[in-house]
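Trainee: Residues per chain are reported as follows:
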Amino acid sequence: MSILAAESANPLLPPLGEIIIGLIAFAIVLFVMFKFVAPRFEQVFRARREAIEGGIERAEAMQAEAQASLEQYRAQLAEARTEAAQIRDQARAEGQQILEELRAQAQQESARIVARGEEQLAASRQQVLNELRGHIGSLAVDLAGRVVGESLEDDARRRGTVDRFLDQLDGMAAGSPDGRTGSSVYAPEGNR
Amino acid sequence: MTSSALALGNVLAAESGGGDGFQAPGLGEFYPEVVASFSLFGIAFEITRITIILWVATLALIAFLVATVRKPSIVPGKLQFVGESGYSLVRDGIARDVVGPKGLPFAPFLASLFFFILANNLMAIIPFAQISPMSKFAFPLVLAAICWVMYIWIGIREQGAGKYFKDILFLPGVPKPMYVLVTPIEILQNFVVRPFTLAVRLFANMFAGHMLLVVFSLGAVYLFQVGNYSMIFGPISALMAIVMTFFELLVIFLQAYVFTVLMGTYLNGSIEAEH
Chain A
1 MSILAAESAN PLLPPLGEII IGLIAFAIVL FVMFKFVAPR FEQVFRARRE
51 AIEGGIERAE AMQAEAQASL EQYRAQLAEA RTEAAQIRDQ ARAEGQQILE
101 ELRAQAQQES ARIVARGEEQ LAASRQQVLN ELRGHIGSLA VDLAGRVVGE
151 SLEDDARRRG TVDRFLDQLD GMAAGSPDGR TGSSVYAPEG NR
Chain B
1001 MTSSALALGN VLAAESGGGD GFQAPGLGEF YPEVVASFSL FGIAFEITRI
1051 TIILWVATLA LIAFLVATVR KPSIVPGKLQ FVGESGYSLV RDGIARDVVG
1101 PKGLPFAPFL ASLFFFILAN NLMAIIPFAQ ISPMSKFAFP LVLAAICWVM
1151 YIWIGIREQG AGKYFKDILF LPGVPKPMYV LVTPIEILQN FVVRPFTLAV
1201 RLFANMFAGH MLLVVFSLGA VYLFQVGNYS MIFGPISALM AIVMTFFELL
1251 VIFLQAYVFT VLMGTYLNGS IEAEH
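Residue numbers (the numbering used here), protein chains in the order written: chain A, 1 to 192; chain B, 1001 to 1275.
Be a bit skeptical, because a hint or two may be false.
No more than 27 angstroms apart at the CA atoms, straight line, and that leaves these computed lysine-lysine pairs for DSS-like [unchecked claim]:
#1 B/Lys-1176 x B/Lys-1163
#2 B/Lys-1163 x B/Lys-1102
#3 A/Lys-35 x B/Lys-1102
#4 B/Lys-1176 x B/Lys-1166
#5 B/Lys-1102 x B/Lys-1166
#6 B/Lys-1078 x A/Lys-35
#7 B/Lys-1071 x A/Lys-35
By construction, these hints were calculated from the structure, which means they are not laboratory data.
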């Protein structure tokens, strides 16, 4: 409608046909964009984002794993250290105990030895005393018999004389319980 | 605007009628001869060079877009990278950052807008086509009308009709007496100026760009042919035509982007009840 008067046509008053053609062209572009292009692009963007996020996630997981391993290793090391210290302490305590035990044992042993020695000493002393007593008695009687020339027939009197003599000897020795007992045992006898 | 365009047309027409001098290109540039015409439901359809260019651009765009997503992969090939860059520019740069957090569903629409305008604009400097269908007012008008309907519809859908129109009529936070002044401006702004400027900005840029290229190109040819001392100005005119072609390339991208960004801000205004 405007071709005939192209020179005088108003460029701001477009013919309806052109408007419709423009509408159709744009509608086709819109259709293609909404139907095929945009979904595909969104799909690519999503896939890319997932790929990147997946990579980051994987790296994070790996890092966490490494961190866990490090923690575990450290814990194990600390555990080993405490264990070693414990063992050392225990060994020291055990040593101390053994030492103490040995010392106690040695002391006991020495005490025992000393006691036995004393016992033996006392026994041999007693033996010596007994022997001496017998000997001294007979010797003295023998001697006295010879000196006096008379045989002391009276047994009781003889024993009394010997005992008195021995008591005197004991009294001079002044340490032996046997002697004193002897004297105390004897005394009433003598009075009687 | 209308009268000045008419005046321009008249001046150019008057000059071109001036006999054997330089036949300056006029409005006739935008009304090429009709290849075929038919009538459907009483509406006249005329198939001209520009209509054919529109279809070539549209089909090329669709072929390009489909090719970029034919074998989508996480690591993009060259073609996919180009398509993806354009789509991401609109999706992230406009739908997400300008429209807002609810903007991603509008990404395909905004991307269609951007790519459609870009493909048609590029025809302005592609040899043998060398005119953008967007320099015909009908096509920017269609896009602006779609945007107009859309941002009003989205505003009603997101905020409810009552609140959406109330906020436009009575701008919140304005002293009551100022409504005398503000309300008519807001009505004009939202329902008339926005779509009109959207359409005219794109149309006028492509129209003027085409006129510049044609004037310098034809001027160069004329100066070479005229056969006198004017010849020395021929190369200057030719050089200017080349420089203006690069300038036109900038305008092509800029206008496609500006149209889309503005639509993004209008959508943002419809979705978020701010002001």
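Trainee: For each hint given before, does the structure comply? Return the numbers of the non-compliant ones in rising order.
Mentor: none
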